[in-house]
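Residue numbers (our numbering), protein chains in the order written: chain A, 293 to 693; chain B, 24 to 521.
Derived from the structure by calculation, the hints contain no laboratory data. Possibly wrong hints are sitting among the right ones.
[Claimed, not checked] Just so you have them, the derived chain A footprint on chain B, three or more residues with Cβ under 8 Å: (1) 254-261; (2) 365-379; (3) 389-396; (4) 453-460; (5) 480-487.
Heads up, the beta-carbon is just placed ideally off N, CA and C, and yes, glycines get one too.
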Amino acid sequence: MKKLLSFLLVAVMMLAMVSFASAEGFSGEIKIWVADAVVDFTKEQVENFKALHPEYADMKVDVSPMGEGDAASKMITDVEGGADIFGFAQDQLARLVAANALEEVAPENIDALKAENDPGSVGAVTMGETIYAYPMTSDNGYFLYYDKSVITDPSTLEGILADCENAGKSFYMEINSGWYQTAFFFGAGCELTFDSNDEGQLVKMNASYASEAGVRALKAMIAVAKSPAFANGSSVSNAANAAAIVDGTWDAAAAKQAFGDNYAACKLPTVDGFQLGGFGGFKMLGVKPQTDDDKLAACDALAAYLTSEAVQLARYNAVGWGPSNLNAQQNEAVQADEALSALAAQLAFCDPQGQYPGEYWSLATALGDDILADKLDDADDATLLETLQKFEATCETYLAK
Amino acid sequence: MTDLDYLKLSKPKKLLYRMGAFFKAIPKKTGHFFANLGKKILRFFKGIGAWFAEVFSTFRDGDWKTRLSYLIMGFGSIARGQWGRGVLFLLFQTVFNVYMFFPDASKSGCFYLAKLSTLGTVETQKINRRTVYGDNSFFILLYGVLTLFFIAAFIYTWYQNIRQNRISEQILKSGHKLKTTKEDVTSLMDEQFHKTLLALPTLGVTVFTILPIIFMILVAFTNFDATHQPPGKLFTWVGWDNFRQLLSTDTESYGGTFRQVLLWTLIWAFFATFLNYFLGMMVAIMINKKGIKLKKVWRTILVMTIAIPQFVSLLYVSKMFAQDGLINAYLMKWGWIQSPIPFWTDPMWARFTVILINVWIGIPYLMLIATGILMNIPADLYESARIDGANAFQMYQKITLPYMLFVTGPYLLTSFTGNINNFNVIFLLSGGKPLSMELSGNAGYTDLLITWLYKMTVNDTNYKLAAVIGILVFVVLAVINLITYNLIPSVKNEEDFQ
Numbered sequence: 293m294k295k296l297l298s299f300l301l302v303a304v305m306m307l308a309m310v311s312f313a314s315a316e317g318f319s320g321e322i323k324i325w326v327a328d329a330v331v332d333f334t335k336e337q338v339e340n341f342k343a344l345h346p347e348y349a350d351m352k353v354d355v356s357p358m359g360e361g362d363a364a365s366k367m368i369t370d371v372e373g374g375a376d377i378f379g380f381a382q383d384q385l386a387r388l389v390a391a392n393a394l395e396e397v398a399p400e401n402i403d404a405l406k407a408e409n410d411p412g413s414v415g416a417v418t419m420g421e422t423i424y425a426y427p428m429t430s431d432n433g434y435f436l437y438y439d440k441s442v443i444t445d446p447s448t449l450e451g452i453l454a455d456c457e458n459a460g461k462s463f464y465m466e467i468n469s470g471w472y473q474t475a476f477f478f479g480a481g482c483e484l485t486f487d488s489n490d491e492g493q494l495v496k497m498n499a500s501y502a503s504e505a506g507v508r509a510l511k512a513m514i515a516v517a518k519s520p521a522f523a524n525g526s527s528v529s530n531a532a533n534a535a536a537i538v539d540g541t542w543d544a545a546a547a548k549q550a551f552g553d554n555y556a557a558c559k560l561p562t563v564d565g566f567q568l569g570g571f572g573g574f575k576m577l578g579v580k581p582q583t584d585d586d587k588l589a590a591c592d593a594l595a596a597y598l599t600s601e602a603v604q605l606a607r608y609n610a611v612g613w614g615p616s617n618l619n620a621q622q623n624e625a626v627q628a629d630e631a632l633s634a635l636a637a638q639l640a641f642c643d644p645q646g647q648y649p650g651e652y653w654s655l656a657t658a659l660g661d662d663i664l665a666d667k668l669d670d671a672d673d674a675t676l677l678e679t680l681q682k683f684e685a686t687c688e689t690y691l692a693k
Numbered sequence: 024m025t026d027l028d029y030l031k032l033s034k035p036k037k038l039l040y041r042m043g044a045f046f047k048a049i050p051k052k053t054g055h056f057f058a059n060l061g062k063k064i065l066r067f068f069k070g071i072g073a074w075f076a077e078v079f080s081t082f083r084d085g086d087w088k089t090r091l092s093y094l095i096m097g098f099g100s101i102a103r104g105q106w107g108r109g110v111l112f113l114l115f116q117t118v119f120n121v122y123m124f125f126p127d128a129s130k131s132g133c134f135y136l137a138k139l140s141t142l143g144t145v146e147t148q149k150i151n152r153r154t155v156y157g158d159n160s161f162f163i164l165l166y167g168v169l170t171l172f173f174i175a176a177f178i179y180t181w182y183q184n185i186r187q188n189r190i191s192e193q194i195l196k197s198g199h200k201l202k203t204t205k206e207d208v209t210s211l212m213d214e215q216f217h218k219t220l221l222a223l224p225t226l227g228v229t230v231f232t233i234l235p236i237i238f239m240i241l242v243a244f245t246n247f248d249a250t251h252q253p254p255g256k257l258f259t260w261v262g263w264d265n266f267r268q269l270l271s272t273d274t275e276s277y278g279g280t281f282r283q284v285l286l287w288t289l290i291w292a293f294f295a296t297f298l299n300y301f302l303g304m305m306v307a308i309m310i311n312k313k314g315i316k317l318k319k320v321w322r323t324i325l326v327m328t329i330a331i332p333q334f335v336s337l338l339y340v341s342k343m344f345a346q347d348g349l350i351n352a353y354l355m356k357w358g359w360i361q362s363p364i365p366f367w368t369d370p371m372w373a374r375f376t377v378i379l380i381n382v383w384i385g386i387p388y389l390m391l392i393a394t395g396i397l398m399n400i401p402a403d404l405y406e407s408a409r410i411d412g413a414n415a416f417q418m419y420q421k422i423t424l425p426y427m428l429f430v431t432g433p434y435l436l437t438s439f440t441g442n443i444n445n446f447n448v449i450f451l452l453s454g455g456k457p458l459s460m461e462l463s464g465n466a467g468y469t470d471l472l473i474t475w476l477y478k479m480t481v482n483d484t485n486y487k488l489a490a491v492i493g494i495l496v497f498v499v500l501a502v503i504n505l506i507t508y509n510l511i512p513s514v515k516n517e518e519d520f521q
């Protein structure tokens with residue numbers, strides 16, 4: 293009898309310990325990788341998080357700088373050595389999920405995440421039906437920065453190129469990038485999206501590049517590339533002679549510096565009568581798969597906090613990253629930002645960037661390089677259509693078999 | 024053809040004759056090779072037989088100390104008073120046993136060895152939201168290979184341990200004394216000093232060079248790529264599939280791209296080597312010429328390109344040649360061209376530009392080498408040539424060039440090899456661009472095999488194909504080097520200039 297009693301006692305105590313452990317929080321080490329610009333900001337917010345959640349007060353958090361593109365590559369090559377929480381742009385999501393480098397978002401956070409962030413950003417963190425990351429920004433799009441003293445009317449690309457030619461200046465756009473290229477194709481009415489399943493595999497392609505609209509877009513690109521005022525590039529600080537450049541919010545400060553008092557920003561122009569479109573892009577925080585339940589809970593809590601309304605707004609104020617949180621987007625300061633409002637105007641013509649196979653980006657660069665190398669200059673419509681058919685067919689080979 | 028007939032031939036004919044002879048000899052050499060191979064295989068099996076015979080006879084004829092040594096390594100040595108040797112053998116056996124039968128079974132050599140044939144079968148699982156990693160194919164392959172090495176080393180040491188016993192018994196039987204541990208140590212510092220010196224380098228080369236090479240070769244036979252990335256996913260053996268993919272004759276796939284990149288790599292290596300060589304020599308001759316003033320100034324100006332790190336200068340120069348870079352801007356400002364020259368966007372221009380810029384950074388090195396050698400050519404050769412009425416070109420052709428080729432032949436060979444793998448210049452200047460839809464696998468028109476390999480590993484994590492390319496680069500280099508090495512004058516006519 294005594295034995296049974298003591299056994300029961302031990303069992304009860306153990307149960308108590310187990311349940312206590314999960315409420316105890318986590319006191320180990322968590323490694324975070326974020327872009328260089330937000331390292332200090334993230335450190336500050338981690339301290340705020342600890343103050344708000346005493347159960348995590350003893351946790352050691354190490355925040356290191358890691359470019360968003362590099363982060364994904366490093367996570368894929370060495371998941372176990374990588375960061376527990378890391379920031380990346382959505383074009384990396386499919387790769388990360390396919391390599392088992394991303395944990396699903398904790399079920400208790402999903403409803404809030406869906407309700408609080410704009411639909412594009414929620415779509416961007418979803419593979420199939422599963423949500424894999426926490427949306428952080430909704431500003432990864434591009435629009436036009438220009439020099440008011442040179443460009444008289446930024447509404448048509450033909451006009452911009454003429455102004456640039458007259459002034460001996462250049463119009464910059466990185467047309468050999470899969471990201472900027474879609475401005476032409478999507479603008480002309482083409483479609484290129486991929487459906488994914490929950491394992492991060494792309495299983496279906498929806499494409500209409502090989503069409504009249506696609507040929508129209510390609511012809512517009514060829515015509516733009518032919519202009520002596522055209523230069524291929526998308527970084528203000530590397531653009532030696534720019535009067536107009538298609539670039540994103542991350543270069544707002546550099547653009548202000550380059551154009552000085554003549555700085556202006558607006559939505560993309562029209563070309564050949566159609567409005568340029570493009571991608572609406574997003575940045576997000578991901579949590580890697582964990583072998584420890586407590587650590588996973590801590591990572592989820594921290595990631596959810598770092599992407600909450602208050603922190604997104606604070607991030608905008610600190611480094612100017614446009615929030616994906618709907619309430620934060622309504623904030624006065626965010627609404628008054630020149631670059632962000634230009635982006636907002638452009639986003640009306642953009643498609644939220646879904647999932648793309650990694651090889652798509654090099655294929656698009658290949659197409660762009662062929663244009664820049666003047667290989668398509670004298671091509672007739674049939675040849676252009678053939679090129680686009682090949683593009684589509686190659687894209688289709690990237691689907692999971 | 025007799026020697027005399029050969030000597031009568033003109034230079035190009037001699038070269039043709041030699042090349043003909045080389046190819047004519049191929050069947051004979053191949054025949055020889057296979058005949059030899061047969062003999063070698065026979066000898067190999069005989070050797071194994073003799074080995075077993077020795078192991079067996081030592082056991083049969085040996086005393087109990089020797090026989091116990093078959094189980095406990097070093098026992099015989101310890102029992103006969105050779106402490107040092109015995110303890111080392113025993114230590115090796117202990118380490119080996121611990122490694123093979125490590126208490127944590129999933130970290131033991133036996134585990135890795137057993138899994139080597141499949142590279143792991145246990146998939147990564149999810150328990151609620153927690154991740155439980157399964158087999159890690161990467162470690163299985165790596166440690167599996169390491170285990171094989173270890174086993175080979177163990178068998179060798181075990182055999183040495185037995186031989187040791189046999190020799191000791193013989194020495195004792197003949198009435199001599201065995202070496203004490205102290206004498207062993209002294210001998211390692213004296214007549215066996217080569218062993219002491221070579222122990223560490225041999226171990227280092229095995230672990231840090233040979234092991235990784237074998238590992239990488241094995242990766243070429245697996246499907247290790249972005250979708251089979253440990254620890255989340257397993258990868259496994261696929262035989263020759265990757266080679267088939269890369270060497271396929273289908274122009275649309277990797278096969279066409281591989282041939283294209285290989286061809287450009289060879290063209291690049293040819294121009295980068297010989298253009299630099301002859302232009303560098305020319306510059307050196309010009310500066311060396313009597314009557315040229317400010318020799319040191321010219322040399323210093325050229326050598327400046329060496330003083331600035333290539334990382335800096337190449338990145339800078341690549342910007343200079345950009346569409347909106349300095350060169351195009353000035354050419355347009357002066358009205359020489361109407362629209363920018365597509366230095367980096369047009370395939371042919373890009374290839375031309377990388378070769379041109381490589382000449383700029385390559386000439387100074389060659390100039391320095393050539394200057395040294397030119398000063399060494401005996402002046403009386405030129406004097407007698409002049410008396411015989413030779414002109415400058417004849418003197419260059421008959422004296423300078425043969426002398427240079429003789430001295431720098433091996434240099435040319437290594438620099439050709441170096442240029443095939445000239446990662447820096449291509450990567451920093453063009454990054455392999457421009458890409459094209461006509462090429463697969465992210466390759467560009469200025470990509471060398473080595474930069475393509477880099478892109479595959481770093482950008483696409485396509486390790487399987489990268490490993491195949493690595494092997495093929497080796498094959499290409501080996502073939503070219505073996506042929507040219509036997510043709511260069513420094514090897515052919517070793518005594519010409521002595």
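Within 8 Å of chain A (C-beta), three or more residues of the stretch 453-460 of chain B: This one holds; 5 residues, not fewer than the three required, reach chain A with a Cβ under 8 Å.
Given coverage of the stretch 254-261 of chain B by chain A, checked by CB-CB distance under 8 Å (3 or more): holds (count 3)
Cβ contact check, 8 Å cutoff: the stretch 480-487 of chain B against chain A, three residues minimum: It holds: at least three residues are needed, and the stretch 480-487 of chain B offers 4 whose Cβ sits within less than 8 Å of chain A.
Whether chain A covers the stretch 389-396 of chain B (at least 3 residues having a Cβ closer than 8 Å to its Cβ atoms): Result for this restraint: violated, n = 0.
Coverage of the stretch 365-379 of chain B by chain A (three or more Cβ within 8 Å): holds (count 4)
The structure fails to meet hint 3 from the earlier list, while all remaining hints are met.
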